[in-house]
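> Sequence:
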Amino acid sequence: MSRVTSRRKAVLVRAGAPSRPKRETLAGEEPLEIRVNGKPLAVTMRTPGHDFDLVAGNLVSEGFLGQQHDLATMRYCAGKNEDGEQTFNVIDAAVIGLDPASIAERKVVTTSACGVCGTTSIDEVRRQSRFGSQTAEVRVQADVLLDLPDRLREAQKLFDSTGGLHAAGLFTIDGELLCAREDVGRHNAVDKVIGWALREGKLPLRNTVLQVSGRASFELVQKSHLAGIPIMSAVSAPSSLAADLADEVGITLAGFSRGDRVTLYTHTERVEVAEDLVTEGVSA
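Per the UniProt record's numbering, residue 1 is the first one in the sequence shown, and the count goes up by one each step.
The hints are simulated quantities; they were obtained by calculation from the structure and are not laboratory data.
Please read all numbers here as calculations on a predicted model, not as lab measurements.
Accuracy of the hints is not assured; some may be wrong.
As the list claims (entries may be wrong) - In the BS3-like style, the derived pairs of lysine-lysine whose C-alpha atoms are separated by at most 27 Å in a straight line are:
| no. | residue 1 | residue 2 |
| --- | --- | --- |
| 1 | K22 | K9 |
| 2 | K202 | K157 |
| 3 | K22 | K202 |
| 4 | K157 | K9 |
Please build the complete structure, drawing on both the sequences and the hints.
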């Protein structure tokens with residue numbers, strides 16, 4: 001049976017109509033324990049699949065990794081369920097030159113809702129970054145930015161059957177999809193994309209755009225910054241702290257990217273608007 005999705009009996013209830021039984025496809029969610037150099041670091045709830053990408057991206061987001069050569073190996077550890085079957089829910093990553101004390105400092109438990117909550121201040125994010133604030137003169141056309149939600153949606157293979165998965169997509173500034181990942185947690189989807197990039201030797205991601213489903217949180221901007229991503233766009237709203245962080249570290253942050261409109265919150269100079277598109281601005 002697939003661990004990415006599962007089938008479950010359910011009852012459909014409608015006003016003014018008889019209820020009826022049906023079978024629903026649900027997104028899979030299982031715990032993944034992340035170990036670094038044999039020491040437990042975190043437990044996150046995720047949709048199984050692309051687990052090595054998830055772990056690599058998580059370690060980038062936590063400041064443990066910056067380049068492909070920092071990561072020596074990753075492997076599934078022994079872990080069995082009540083039936084004696086391998087669960088594939090424990091991964092140990094061997095990171096070169098890591099101070100063991102730093103693992104203890106970052107040891108946290110996470111959920112698919114809140115993500116890794118161990119680093120919360122803008123100053124701490126700036127300290128963790130290996131690539132510094134965004135100063136690249138990268139530019140993206142507004143019409144390209146407007147197309148990204150639809151392109152990401154087309155890449156979501158599991159959303160149609162479950163309706164319960166977030167997605168993150170990494171694009172070139174010309175709108176070419178480099179990598180898309182789905183997960184029950186927004187932060188996991190982003191980690192999977194960043195982890196893919198690290199394992200492909202592509203960090204820092206200077207000439208890319210990160211498109212995410214849902215809202216833009218502080219944590220997602222943090223992950224973008226630590227991966228060197230200069231432009232991030234979300235389907236829904238950003239939080240105030242997400243906008244503060246994006247402004248501070250030089251990330252162009254866009255939200256409410258739907259249909260023919262998108263709202264730019266920070267470093268708007270990176271988005272080039274054609275003459276047939278109208279921009280409206282307000283003072284703070």
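> Look at each hint and say if it fits the structure.
Checked hints:
1. K22 <-> K9: 6 Å, holds
2. K202 <-> K157: 24 Å, holds
3. K22 <-> K202: With Cα atoms ~45 Å apart, K22 and K202 exceed 27 Å; violated.
4. K157 <-> K9: 22 Å, holds
Consistency note: the structure conflicts with earlier hint 3 alone.
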